[in-house]
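> Chain by chain, the residues:
There are 2 protein chains.
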Amino acid sequence: MNQYLRIDEWAIVEEGFDAHTHELSESIFSIGNGYMGQRANFEEAYSGSSLSGSYMAGVYYPDKTRVGWWKNGYPDYFAKVLNSTNWIGIGVEIDGVPLDLHKVKVHDFVRTLHMKEGYLSRRFTATLEEGKEVEIDAIRFVSKKRQEIGAIRYSIKPLNFSGSIRLTPYLDGDVVNKDSNYDEKFWLEVSRGTNDTSAHLTVKTKKLDFHVTSVMEYCVTKNGQVLPIEPERNEREKFVSHTFSVDTAAGEELVLYKYAANVTSRNYGLGQLLPTAEKLVQEAKTAGFASLLQEQTDAWADVWKEGDIVIEGDPSAQQAIRFNIFQLNQTYSGEDDRLNIGPKGFTGEKYGGSTYWDTEAYCVPFYLSTHDPSISRNLLIYRYKHLEKAKENARKLGFTKGALYPMVTMNGEECHNEWEITFEEIHRNGAIAHAIFNYVNYTGDKAYLGQYGLEVLVEISRFWEERVHLSAMKDKYVMLGVTGPNEYENNVNNNWYTNRIAVWTLEYTLESLNYLSTEEPDRYRELTERLRLTEEETGKWKDIIDRMYYPTDEERGIFLQQDGFLDKEIIPVRELAAENLPINQKWSWDRILRSCYIKQADVLQGLYFLSDRYDRETKKRNFDFYEPLTVHESSLSPCVHAILACELGYQEKAYEMYLRTARLDLDNYNNDTEDGCHITSMAGTWMAVVHGFGGLRVTNGRLVLNPVVPAQWSAFSFRVVFRGARLKVTAKADAIEIVNETDIPADLSVCGNEGTLEPHGTWKQERVLV
Amino acid sequence: MNQYLRIDEWAIVEEGFDAHTHELSESIFSIGNGYMGQRANFEEAYSGSSLSGSYMAGVYYPDKTRVGWWKNGYPDYFAKVLNSTNWIGIGVEIDGVPLDLHKVKVHDFVRTLHMKEGYLSRRFTATLEEGKEVEIDAIRFVSKKRQEIGAIRYSIKPLNFSGSIRLTPYLDGDVVNKDSNYDEKFWLEVSRGTNDTSAHLTVKTKKLDFHVTSVMEYCVTKNGQVLPIEPERNEREKFVSHTFSVDTAAGEELVLYKYAANVTSRNYGLGQLLPTAEKLVQEAKTAGFASLLQEQTDAWADVWKEGDIVIEGDPSAQQAIRFNIFQLNQTYSGEDDRLNIGPKGFTGEKYGGSTYWDTEAYCVPFYLSTHDPSISRNLLIYRYKHLEKAKENARKLGFTKGALYPMVTMNGEECHNEWEITFEEIHRNGAIAHAIFNYVNYTGDKAYLGQYGLEVLVEISRFWEERVHLSAMKDKYVMLGVTGPNEYENNVNNNWYTNRIAVWTLEYTLESLNYLSTEEPDRYRELTERLRLTEEETGKWKDIIDRMYYPTDEERGIFLQQDGFLDKEIIPVRELAAENLPINQKWSWDRILRSCYIKQADVLQGLYFLSDRYDRETKKRNFDFYEPLTVHESSLSPCVHAILACELGYQEKAYEMYLRTARLDLDNYNNDTEDGCHITSMAGTWMAVVHGFGGLRVTNGRLVLNPVVPAQWSAFSFRVVFRGARLKVTAKADAIEIVNETDIPADLSVCGNEGTLEPHGTWKQERVLV
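Residue numbers (my numbering), protein chains in the order written: chain A, 34 to 803; chain B, 34 to 803.
What the hints contain is simulated information worked out from the structure, not anything from laboratory work.
Hints may contain errors.
A pair holds if it fits inside one copy or across any two, identical chains being indistinguishable in the list.
Taking lysine-lysine and the DSSO-like style, the derived pairs with C-alpha atoms no more than 27 Å apart in a straight line are [what the hints assert, rightly or not]:
#1 422 x 619
#2 218 x 97
#3 424 x 619
#4 619 x 429
#5 136 x 652
#6 619 x 97
#7 619 x 434
#8 765 x 686
#9 97 x 383
#10 383 x 104
#11 211 x 97
#12 338 x 424
Extracted from the complex, chain A is given alone in its bound form (with noise of 0.2 Å):
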């Protein structure tokens, strides 16, 4: 916990600089357009503690894993986004000695990430030897219109002294991770070269073959006269740069404009990576960078004007719920199907920058909340297109059909090496079905199942019916070895979740079936002939439907999270006394797996995902029991529980949760965000908002809506856009608002009243609680 930055409800704002939350910030700072992303390093010299990390998504290495002791089934490697070329780059010397923000005095350092117009911002003041002060005033960005494009402009003023400045702008791809499992280098050159005023780098990875060109321009001028520059060139392998001097008197400003294109064979055939880069950087560089930071303003205005929040009274939560709206917007834009979101996004290595499950759990949501639907369609395609690598990873199991998605990947292929979680965490595939409803629910796009979604559904389906077996014992189905989502419970049997998401997938694998055989009878005859499905088949679904096994204890009215666990020792959490906190911190795993306490929902994830099965009471009951136990050492638990509790009315327990993650990275609440911010679980806070407090489901078609306004808010707003129509809605304490800025219309429940909210109509009613 380190509460360092400047409340303010547009821009996260770090005064003064500390070498020690330098890492913290470089995540915090982090600048992204969905296609590349770039830790807030600094483009100088810096010889500090730094993660250097600069992001081209899709583009990653399947590094050699590290295990002690094989199990078959395990996958070769381990997946890792690579830390890819520094663009960034300025050499910056003055009067022969190289500027270093960790060996020379910094005044007024102010570092900005302006989350309205899209880019960051350092300013400051240093004092060099002989009492020299030089003023330094950057400005970065990635484009969000110009996805290979990153702009910098690097101003220095000497405040008192005249000397000459040498600035040598550059690319660098002799770069390393620092998660490389045997601290091997991923690059190797591809060629290299220097022009006028210009640079470029091509490399490649040593597997797979990626190839990654970098071109850089720039320019410079004094007091905003461009100046003519005769570099020198230099070059060694993986590393271009120019270099020039400049004579700068007290008060004279000197600018440094710098730009790259950044450009994979993702993208473009080897033959176009430079041609292309170059192309795109002389445009950038044409347009000039006052034009382009217009353009990174405007798109951003359009991501605000579609997914903003407005929380009044409370400036803190204001400008938390922004950060991660913004942060979620710099990660995926959505255009590209063959990507996703990595947990940390472009803000740091940790994970890998793979595919989890947080995806279609907490990401989806929001992006369909906050996007054309077509961005969330993406998302859930990415999954499609991985079908066959599940279908594999299946078999490679031993199972004889069927679809196991992966938990970790990049590709499809599974790349996690852990058998709890690799093996047994098998909920994941109830998750990707599910997505696929969610999205037919929200967006009314039925059309999916028949083009995709169904296949997938189908064999989910089928890994379930082999997954399962009947229980000569209990005469019912049963689910053996398995981990829930609370992995602080490893190879339990029967956990209620994956049962019960198991059986909720056969029932809507079945019901779009159905769905799809009577309003697409020709798609449905070629699908279920492709698929071979038969209706022994589908018949072993339903009597797996009907005769699942679910752990319960009668007397509680609650679902067991698996078979035995009230065989252990129940004790609340906040009984425990403080230094056994966190658990994973302070216990041994021994100690946790005994243990009662959960990481995050599982029973309750159920509760969430399957909201309209249950009723208050089954909500309330397990909530009752289930919330003192867990201990939310996961960043994606709390928000579940917020949603939660928001529907049970527990109000104060609601906004402890919420508090939990809406400042997670903000105030570095794991003392972990140095690895990079917590991406997927600031989905969850975006949740808690508008699922949670604002109440927002979808049922029949309407976007039904229950807001309750926290005892600390005095009001908040949230815009969401539903089947075409953007809609704004205003919860104050005792009245809501609903106003349509499109010319569509919205079909709404707000607080029980059902009705239809006429294009720029606006919706009033007095907050009656229910």
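Chain A is fixed; fit chain B onto it per the hints.
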């Protein structure tokens, strides 16, 4: 499976050289004397595949551990026995060409492990270029009488040519471990030097500072006459050698006698290492090869006198059982209570050479019956000395009291890191307690309890006390989150065996305390005060004994391996198609865990350990249920089944089980003996014969024998020592004869007949089936 060795009752013989089986032979033909060991690597250079292994007992390295995902409580290192200075090396050049069996034609190759006499020989003819034929005859051994001494007789005879033979005896400390986690070398040079006919090298380990000094001496004869030698003396880092050439005519025999002393800082101060080694090697050289070899033969004659087994009518079984007894005696000689028995002994690196529960469960019974009680007592004292570390280990996992012995250890610290094993396979604590019972019961040495045993028992009991808890649901004590002996189940609740051995420990601890309070009241007072043992504690133990929960199936009348076992699909192994076996190679870990298949005896292990607590019918019901589900994919499994099968009269099953381990290494049954022999399972094979077919038990101070002769044998006999008496037991189909070869009487119970066998007396009776 690879049957390439000639059957011989007293020797292992390989005829013909095959590079493909060379590494396998390197394991099988290993020599050792409990202090050091040596794989059957060639003296001369060999460029084919080979695993070099020269091991000094107790000299290990704490290698950095390899793990993908860290769990709290994991150890920092994995200890491994070190491949240390190669003292056998002799470079051989014939007319300038190095002799290398990978590059020349080899005829009449015979490698022989002379088990009766305790040495290795190798003889062959090699055809060099231009048709030169040379005959090599090499003999070597590590001395049982002079533990630091290894001796080699290396004979070279040109058969059809005259030429120059250049020999280079050397010491090479620049060696690697194949299983180095990060390909690191573990040795540093301390000092080296060469003298007229000797050379010395001292190396030390990079961590822990183990020093090993090796000194070599040699002499050379031609046709039996000692040759004066003026060698070149060469040195480089971690390497010393002498080189000389001898002109030799066809038919002349050149013999190099090489003597090496290897001493370690485990036994001598650093300043004493070199002088001691020099003295020892001089003494050996002075004694001469023939005399050392005679000492060796005499020493091994003593071993066979105490522990031989003779099988009549089955030379293959005869060879196998002698091989097992031979290797066990090569591995552990019992003088040094800081040493123990690694699963591979001195025959390979796998499993790090560390101590597992194998020692207590399998090896102690062997040493109890075939050696002076001091030998097995030292195995027990090894654990006594580790008690403080075992207490630390329990603290590390969060226990406030008691001791948890490590799963794998070199110095008492845990050095294994799979959570499901390290943290959960805690039944090892029970085996360590049971070995104390076993020792006291067999030897009658009750004084051991007061001296060492009870302290260990109390701390283990305290661990169990804290590890169980009262289930509110069951109103019984339960033990959650364990892995039983069957490692094909992980993280189960209420493993019957673990619950049972825990309660047995409490019972035996209380019984032993009771004994001490009566028989040694002063010691009792002293001990209980020092241990601060309270009546509250022993009261709690009694409560646990009274109210432990044991999973059972009333209908089948069996103990359940764990909670929920009967929810599995129960299909006997015999109904699996052959391509599924072994499941540890053919199935994913996921599938194995969910299956009903049992790696090694689990419930049945308990029925064997606690044999006198269960009646025949109970054993039979459990055996009939679990045996068909057991895949025996641990080399430690079949022996327990063999013993129970004998007891239950399932003679065919017993013999089938016996066959599965008897020739495990000789026939490379598991295709992994090239990594080293399965030393600890060899003790299991011995148990299968003596406890199984011999029916040996000790009850009320009486040696119980109930021999049954397998149909495949005409008779068998074995020698055991029992309370000072050495007995030779001979069983034929229709008669049993027991000869007391000592001056000490022995109380026996033979097939139900009790009596005392007087010194040098013979007991004869007809065999009666019981």
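> Confirm or reject each hint.
Now the hints, each set against the structure:
In this homomeric assembly, residue 422 and residue 619 come within 27 Å of each other (Cα to Cα) only across copies, at 21 Å, whereas the closest approach inside a single copy is 39 Å. In this assembly of identical chains, residue 218 and residue 97 lie within 27 Å of each other by CA distance both inside one copy and across copies; the values are 12 Å within and 21 Å between. For the homomeric pair residue 424 and residue 619, the shortest alpha-carbon distance between copies (19 Å) is at most 27 Å, but the shortest distance inside one copy (39 Å) is not. In this assembly of identical chains, residue 619 and residue 429 lie within 27 Å of each other by CA distance solely across copies; the values are 10 Å between and 37 Å within a copy.
Taking identical chains as interchangeable, the C-alpha atoms of residue 136 and residue 652 are never at most 27 Å apart, the minima being 58 Å within one chain and 77 Å between chains. For the homomeric pair residue 619 and residue 97, the shortest alpha-carbon distance between copies (23 Å) is at most 27 Å, but the shortest distance inside one copy (30 Å) is not. In this homomeric assembly, residue 619 and residue 434 come within 27 Å of each other (Cα to Cα) only across copies, at 18 Å, whereas the closest approach inside a single copy is 42 Å. For the identical chains of this complex, residue 765 and residue 686 are intra-copy neighbours only, at 19 Å inside a copy versus 79 Å across copies, given an alpha-carbon limit of 27 Å.
Taking the closest pair of Cα atoms, residue 97 and residue 383 come within 27 Å of each other both inside a single copy (16 Å) and across two copies (22 Å). When the C-alpha separation of residue 383 and residue 104 is checked against a cutoff of 27 Å, the pair qualifies both within a copy, at 24 Å, and between copies, at 17 Å. Taking identical chains as interchangeable, the C-alpha atoms of residue 211 and residue 97 lie at most 27 Å apart whether they share a chain (14 Å) or sit on different chains (19 Å). For a Cα distance limit of 27 Å, the shortest separation of residue 338 from residue 424 qualifies neither inside one copy, at 41 Å, nor across copies, at 62 Å.
Violated hints, in rising order: 5, 12; the structure is consistent with all others.
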